[in-house]
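Peer 1: Line by line, the protein sequences give chains A and B. Counting in this note's numbering, the first sequence runs from 1 upward without gaps. Counting in this note's numbering, the second sequence runs from 1 upward without gaps.
A few of these clues could be false.
Stated by the list, open to error - Have a look at the derived ranges for each label pair, beta carbon to beta carbon: (1) E45/A to G150/B: 34 to 40 Å; (2) E121/A to G118/B: 49 to 55 Å; (3) R162/B to K42/A: 33 to 39 Å; (4) G170/A to R13/B: 22 to 28 Å; (5) E45/A to K171/B: 30 to 36 Å; (6) E74/B to K70/A: 51 to 57 Å; (7) G170/A to Q68/B: 19 to 25 Å; (8) P133/A to E67/B: 24 to 30 Å; (9) A66/A to G170/B: 23 to 29 Å; (10) Q113/A to P133/B: 23 to 29 Å; (11) E99/B to K151/A: 18 to 24 Å.
Read the hints as simulated data drawn from the structure, not as lab findings. For each residue, glycine too, the CB sits at the ideal point set by N, CA and C.
Protein chains: 2
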Amino acid sequence: MVSDIVVLRYGHRTVRDYRVTSHCALVARAFGAGAIVICGAKDPEIKKSVDAVTTRWGGPFRIRFAEQWKKEMEKLKKKGYTLVHLTMYGSAVEKAEGEIRKHKKVCVIIGSQKVARGVYELADYNVGVTQQPHSEIAALAVFLDRIQAGKELSKGFKGAERKIAPKKRGKSVIALK
Amino acid sequence: MVSDIVVLRYGHRTVRDYRVTSHCALVARAFGAGAIVICGAKDPEIKKSVDAVTTRWGGPFRIRFAEQWKKEMEKLKKKGYTLVHLTMYGSAVEKAEGEIRKHKKVCVIIGSQKVARGVYELADYNVGVTQQPHSEIAALAVFLDRIQAGKELSKGFKGAERKIAPKKRGKSVIALK
Chain A
1 MVSDIVVLRY GHRTVRDYRV TSHCALVARA FGAGAIVICG AKDPEIKKSV DAVTTRWGGP
61 FRIRFAEQWK KEMEKLKKKG YTLVHLTMYG SAVEKAEGEI RKHKKVCVII GSQKVARGVY
121 ELADYNVGVT QQPHSEIAAL AVFLDRIQAG KELSKGFKGA ERKIAPKKRG KSVIALK
Chain B
1 MVSDIVVLRY GHRTVRDYRV TSHCALVARA FGAGAIVICG AKDPEIKKSV DAVTTRWGGP
61 FRIRFAEQWK KEMEKLKKKG YTLVHLTMYG SAVEKAEGEI RKHKKVCVII GSQKVARGVY
121 ELADYNVGVT QQPHSEIAAL AVFLDRIQAG KELSKGFKGA ERKIAPKKRG KSVIALK
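Could you put together the complete structure from these sequences and hints?
Peer 2: Okay, structure coming up:
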């Protein structure tokens with residue numbers, strides 16, 4: 001059963017990628033990953049806003065930047081993570097997920113711009129969430145939902161200042177601190 | 001069984017929202033919706049790039065702009081669509097999806113900026129994909145995957161110029177025209 005997830009974002013350009021990379025980080029956190037490593041331009045604004053979400057809504061969740069994707073992938077592999085690269089060219093997720101679920105530690109790699117060939121080669125699995133062009137944010141969310149069989153949807157977060165009480169209409173936020 | 005899906009994007013600002021709205025449109029198409037209606041600034045660039053994807057990778061998929069979200073929601077309701085608004089404040093998706101799946105025609109509303117109160121009130125369901133802040137792109141994809149029980153993942157597209165042959169490593173694209 002997957003119980004330790006790290007997301008590796010391949011590529012980030014300051015300003016231009018701000019919103020998309022932020023969405024990736026927030027999806028990683030909300031769907032049960034413990035950390036995101038962003039291999040690209042160091043962007044303190046993103047870190048600040050994601051950390052603010054973690055403070056407010058709970059954790060643990062870490063965000064950090066790295067310069068070299070290859071080094072990071074190798075490091076994570078050495079630490080026992082199974083590397084899964086999400087790409088529309090990869091094996092269909094509905095066929096691959098059963099096998100991937102058996103691993104405890106999974107690192108999910110998502111690209112932004114074109115991804116170097118080495119990523120495909122270093123990855124243990126190249127997996128396509130549909131074989132259509134769409135969004136790495138969507139691919140990440142659906143993949144995390146599937147490899148955890150939906151358990152992440154009711155995950156509790158620690159140290160949160162607030163949480164939501166689900167409602168059929170309107171908004172209800174409970175202050176915890 | 002859900003067999004007719006329209007996505008309504010609430011809000012769009014030219015330039016600023018270009019990438020996020022594009023991702024929403026591409027996710028709608030890739031995950032089985034037949035159309036997206038964007039209620040916000042008319043943005044010919046988005047239409048052009050999404051239409052180009054549909055030409056290349058197949059359809060049918062329509063993208064259009066509308067000025068008034070309320071009129072659109074009411075029109076879709078009249079046409080028999082069940083309106084589902086995705087919001088972190090709503091009922092948990094894992095509890096709501098069983099009931100929603102029984103409907104044939106579903107319109108999924110996703111916000112960008114703050115959504116007017118009227119959206120919550122007009123919607124037949126307000127549904128949260130997790131009760132955490134993340135991304136409307138992710139929420140849309142996971143929701144569409146769940147209400148179609150994964151069937152959309154192997155959806156065939158008509159009139160495509162090319163398609164992908166899934167591969168464990170590397171890329172394989174088949175020209176169809």
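Peer 1: Now, for every hint given, state plainly whether the structure supports it.
Peer 2: Comparing the hints with the structure gives:
no.	hint	verdict
1	E45/A to G150/B: 34 to 40 Å	holds, 37 Å
2	E121/A to G118/B: 49 to 55 Å	holds, 52 Å
3	R162/B to K42/A: 33 to 39 Å	holds, 37 Å
4	G170/A to R13/B: 22 to 28 Å	holds, 26 Å
5	E45/A to K171/B: 30 to 36 Å	holds, 34 Å
6	E74/B to K70/A: 51 to 57 Å	holds, 54 Å
7	G170/A to Q68/B: 19 to 25 Å	holds, 22 Å
8	P133/A to E67/B: 24 to 30 Å	holds, 29 Å
9	A66/A to G170/B: 23 to 29 Å	holds, 25 Å
10	Q113/A to P133/B: 23 to 29 Å	holds, 26 Å
11	E99/B to K151/A: 18 to 24 Å	holds, 21 Å
Violated hints are absent here; each numbered hint is respected by the structure.
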